[in-house]
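Chemist: What follows is the residue order along each chain.
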Amino acid sequence: MSVDQATVRRIAHLARIAVKDEDVPHLQQELNAILAFVEELDAVNVDGVEPMTSVIPMKMRLRADEVTDQAGSAVVVANAPQREDHFFTVPKVVE
Amino acid sequence: MTQLNELTLAQARDAIAARTVSAVELTQAHVDAVEKARSLGAFVTETPERALAMAKASDARIASGDAGPLEGLPLGIKDLYATRDVHTQACSHILDGFKPAYESTVTGQLWRDGAVMLGKLNMDEFAMGSSNETSFYGPVASPWTPPNWSKEQARAALAGDKKGLLVPGGSSGGSASAVAAHLCLAATASDTGGSIRQPAAFTGTVGIKPTYGRCSRWGMVAFASSLDQAGPIARTVRDCAIMLRSMAGFDPKDTTSVDAPVPDYEKAVGGSVKGLKIGIPKEYRVEGMSEEIDALWRQGMDWLRAAGAEIVDISLPHTKYALPAYYIVAPAEASSNLARYDGVRYGLRAPGRDISDMYEQTRAAGFGPEVRRRIMIGTYVLSAGYYDAYYVRAQKIRTLIRQDFEAAFHAGVDAILTPATPSPAFGIGEKTSADPVEMYLNDVFTVTVNMAGLPGLAVPAGLSRDGLPLGLQLIGRPFGEETLFSVAQIVEDAAGRVRLPEPWWT
Numbered sequence: 001m002s003v004d005q006a007t008v009r010r011i012a013h014l015a016r017i018a019v020k021d022e023d024v025p026h027l028q029q030e031l032n033a034i035l036a037f038v039e040e041l042d043a044v045n046v047d048g049v050e051p052m053t054s055v056i057p058m059k060m061r062l063r064a065d066e067v068t069d070q071a072g073s074a075v076v077v078a079n080a081p082q083r084e085d086h087f088f089t090v091p092k093v094v095e
Numbered sequence: 001m002t003q004l005n006e007l008t009l010a011q012a013r014d015a016i017a018a019r020t021v022s023a024v025e026l027t028q029a030h031v032d033a034v035e036k037a038r039s040l041g042a043f044v045t046e047t048p049e050r051a052l053a054m055a056k057a058s059d060a061r062i063a064s065g066d067a068g069p070l071e072g073l074p075l076g077i078k079d080l081y082a083t084r085d086v087h088t089q090a091c092s093h094i095l096d097g098f099k100p101a102y103e104s105t106v107t108g109q110l111w112r113d114g115a116v117m118l119g120k121l122n123m124d125e126f127a128m129g130s131s132n133e134t135s136f137y138g139p140v141a142s143p144w145t146p147p148n149w150s151k152e153q154a155r156a157a158l159a160g161d162k163k164g165l166l167v168p169g170g171s172s173g174g175s176a177s178a179v180a181a182h183l184c185l186a187a188t189a190s191d192t193g194g195s196i197r198q199p200a201a202f203t204g205t206v207g208i209k210p211t212y213g214r215c216s217r218w219g220m221v222a223f224a225s226s227l228d229q230a231g232p233i234a235r236t237v238r239d240c241a242i243m244l245r246s247m248a249g250f251d252p253k254d255t256t257s258v259d260a261p262v263p264d265y266e267k268a269v270g271g272s273v274k275g276l277k278i279g280i281p282k283e284y285r286v287e288g289m290s291e292e293i294d295a296l297w298r299q300g301m302d303w304l305r306a307a308g309a310e311i312v313d314i315s316l317p318h319t320k321y322a323l324p325a326y327y328i329v330a331p332a333e334a335s336s337n338l339a340r341y342d343g344v345r346y347g348l349r350a351p352g353r354d355i356s357d358m359y360e361q362t363r364a365a366g367f368g369p370e371v372r373r374r375i376m377i378g379t380y381v382l383s384a385g386y387y388d389a390y391y392v393r394a395q396k397i398r399t400l401i402r403q404d405f406e407a408a409f410h411a412g413v414d415a416i417l418t419p420a421t422p423s424p425a426f427g428i429g430e431k432t433s434a435d436p437v438e439m440y441l442n443d444v445f446t447v448t449v450n451m452a453g454l455p456g457l458a459v460p461a462g463l464s465r466d467g468l469p470l471g472l473q474l475i476g477r478p479f480g481e482e483t484l485f486s487v488a489q490i491v492e493d494a495a496g497r498v499r500l501p502e503p504w505w506t
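Residue numbers (the working numbering), protein chains in the order written: chain A, 1 to 95; chain B, 1 to 506.
Here chain B stands alone, though its shape is the one from the complex (with noise of 0.2 Å):
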């Protein structure tokens, strides 16, 4: 019989409701994995004791008939999520300690519905960073394995310091090394540039970054408020499909939240998309691409073209300007964001001469080097003389970029096909150059997607030569959600669902 914690969050449901498993024991399996996987580094904390008393509260739910959507479903919850009274730190030294005394809205709703917390998942320091090596934890590592490396090998780096196994992506780096390993069901996670998206390439995984203002962002740690945006990492498209319908919804908390019905996603799971035009974007054949991303993106056409939808070439001019104009607005909002952590309120205080010093001292011992250049390189576009060149340039840009998309759309385009990332997953230790550029280059074509926005949904379509997996990006209209879960269960049928690595690091 299979594992409980290799079904998927859709079979769990249906055994759940069909009683032949209970809460409880589906959440011992989880347990149980998490404990043996600790050398991944994929939680930062676990909540074992709170699992098992919140899966006993489900099993009396669902022996009265109360039961919600996610009854009893274990889950990992990305560290940037407001969790009461547990650990909630986006795995940075400065929120040292920090244990919130409210629940973000999006994790308050999905146990409303019912769903276990298993604890918190490591990801790059306020999620920034492509690789989860930005981490006040240390990092993640993928339960891929690198090729031709024995699993001793495997075993051994995991054991010291974990270089040269894969990286599983990032930010969101503890949500797909969590799922693609079997230790939850499915993991909360969040994107700004690409990060669910590209960390679900790299892993095997399916990931969405729903519409700007489909989830609340109240209750999570804030990098650039205007790019932000919650979604899930689980192992189908159905599963992504049942977690992001109880995380999206209208929140008067979060005033960039939409006021508009959530659709019952799941429903759009094996919808039709004969007929559905899907647009080939020229300027995503960037230079220097390998072929086998080429040969992937066109295996993706062939089979769109099979089930029916018609394969449209678009141009999206201004492409190749979103990743720059992003490295001005992120970290312009993140300066912003970030100045609250001044050692007053909570986390950690360095002491200092004057209060003027323990700022700067705490600041210093509390930021990572990637959050420290990106708040400097944010201060520096937002002072006084450089705001207009830099800032409301890159703002103007967006402008554009949102208006190639709409023109796309306007042209009867349903949605838009592309490579998830440039490459398959890297190693741990490997793009440390002193050029940060390099590492930037991950979110190439992801990153256009919140510039603009817009629904993007990252989903397995194969593995490369060396056998690690690749995915493909579809972009939808605003609010367009239900077409990318069609058409990306299209996708998964025809690749196949991924064989996920058996478990080498117990």
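The shape of chain A in the complex, shown without the other chains (with noise of 0.2 Å):
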């Protein structure tokens, strides 16, 4: 399979990550030399076959639904790149 320029405009915006026109032919190209590479996969007989789900065959542990973390809030925005108090601010959603 390989992809065209539009599906790979449609894959970036998906992903969310802006791409220039320019960069579209290579980023295609790319994209086509790593869908060749796997396409050697569909010579395998996989009929029957399990997808592996866990790496390592264990039972999912579960712990009690409470608060674990105490760290606040102020802790929590710490790091963002433009906050209010103690809330994360990003542009106008509605309008």
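What the hints contain is simulated information worked out from the structure, not anything from laboratory work.
Quick reminder that beta carbons are idealized off the backbone N, C-alpha and C, glycines included.
Please note: incorrect hints may appear among the correct ones.
Estimated spans, in silico, between C-beta atoms of each pair [unchecked claim]:
#, chain 1, residue 1, chain 2, residue 2, range
1, A, V24, B, T2, 37 to 43 Å
2, A, Q82, B, E49, 26 to 32 Å
3, A, D69, B, K151, 49 to 55 Å
4, B, R305, A, R10, 54 to 60 Å
5, A, R63, B, D66, 42 to 48 Å
6, A, T68, B, E430, 46 to 52 Å
Reference excerpt, derived from the structure (chain B facing chain A, CB under 10 Å, subset only) [said to hold, decoys possible]:
#, residue
7, R112
8, K282
9, Y321
10, G352
11, Y390
12, R398
13, Y440
Dock the two chains into a complex; use the hints.
Modeler: Laid out in structure tokens, this is it:
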């Protein structure tokens, strides 16, 4: 399978990465090189094979649903590029 | 007398225990070495004040008889481990200025055991790369120099763009370079497709990726969560064993962490390999493999046979599918893990017309080309209509890869011997063609191990015709790290400790 330029733009948008027009052709070329590389997998018979979902077979542990982190909101927002008081701020979302 | 920074970690530990050297003296020697080696680019942040304060506290604990197993030993930490209040960016621009309010479990355990932090080490951005050239902070030079280069020539390149100097491998390039250049006694590293073993092989150092679940991933910047695993790079097999004991262990904060006791790995070093069955997988004899890699491999078999091990031919039929399957699974998981970098909670923010544009501009400015490429591939293979054809199929192939190994182990194989890399180190700027797959082929021997969740160790086994280090890889059963340490010590003894380069960079 290979991707066309419209697909490259669609993937970039799904990935929320702005892509300049002049970058699209070489991105297309690179993605197609990788997709050509993985094409080899089509040759493998995977009928009746379970996909791996757990690398080391183990039971999923559960814990009590309770507050474990008491760091507080000042710590939580400390690394935010923009904040007001104890809130993250973003461009206006609702008109 | 040997310089303090040229001691092995075990020798330094014993010297501290015998009180022939203090933690502060040992740390100061390393702080000085790090400062003089700045031009290599191995460290992205140095923390000398913290190191000396930690060393002082170590000396106090030694005086009061409370020394831990790594007391006073200076280490380098790969930039993807969260270290409280210290630069932690996985060498990406998108984590610009990030200083975590918490400590990763693995580094926390190292400090618990008395180790000293010298600073944070360079790496490929988000651990995506095999040469350390994708780092936002620039490439790292290996202390090994290209064949026939004079010291003057190497120094001149180091003062410029580093082109032509050798890569230390990646993604743990800073770790490997720093250890090989005697800037730290050992370093933390991480391995998603070969990022501990390939740089260890390129620099004449030892690195182990333990079994998936052996070390906690909590506080490690995530790349591909079902493949990522922490491990050390050090100058000897014994030093790796000492490091792993402190790094490993159950952590309730990581749901994939395995609740099993941590053995004293050092006890396995020097253990007999008599009667062990060492498998030689015929599928690793890849097309175009160089004669010197093949000769190294056969040499390794001879050494182990001479030590009493039995060499047996095995088949791992799905080997050739591991790398392509990896380039579906790893980018898919990366695209999901890296979705968190949105310019809101931490790191970089670029302005945008609206919130969606802000996300897109931030991510365009913050991710380098290799990371962007992998996020896009991952997004594509997970997108509607392609999920089954790519992602589910790759995960099925992963099951087949694991079954290949299980069959070999079931037949009585204790460990598997392979080359670590298809070639010795290449030059900075040498592999920047339009085809990203060329770089990916570096991981052809290591990636199967991550896909199957097994432990893998790279140990120096000789030099190439041009005098560059070459490594062998040992692959173990799940939680078979002790066997790997025993077998690796045989190789280290037989090959002789690597003579690491003299410091030409100062």
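Chemist: Determine for every hint whether it applies to the structure shown.
Modeler: To see whether the hints hold, each was checked on the structure:
1. V24(A) with T2(B): 37 to 43 Å: 57 Å, violated
2. Q82(A) with E49(B): 26 to 32 Å: 31 Å, holds
3. D69(A) with K151(B): 49 to 55 Å: Holds - the Cβ-Cβ distance for D69(A) and K151(B), about 52 Å, lies within 49 to 55 Å.
4. R305(B) with R10(A): 54 to 60 Å: 56 Å, holds
5. R63(A) with D66(B): 42 to 48 Å: Since the Cβ atoms of R63(A) and D66(B) sit about 32 Å apart, the hinted range of 42 to 48 Å is violated.
6. T68(A) with E430(B): 46 to 52 Å: Given about 48 Å between the Cβ atoms, the range holds.
7. R112: 20 Å, violated
8. K282: Not OK, violated: K282(B) not within 10 Å of chain A, min 18 Å.
9. Y321: Where the cut-off is 10 Å and the nearest Cβ of chain A is about 6 Å from Y321(B), the hint holds.
10. G352: G352(B) check passes; min Cβ-Cβ to chain A is 6 Å, inside 10 Å.
11. Y390: OK, holds: Y390(B) within 10 Å of chain A, min 7 Å.
12. R398: Cβ of R398(B) sits 4 Å from chain A, so the hint holds.
13. Y440: Nearest chain A Cβ about 8 Å off; hint holds.
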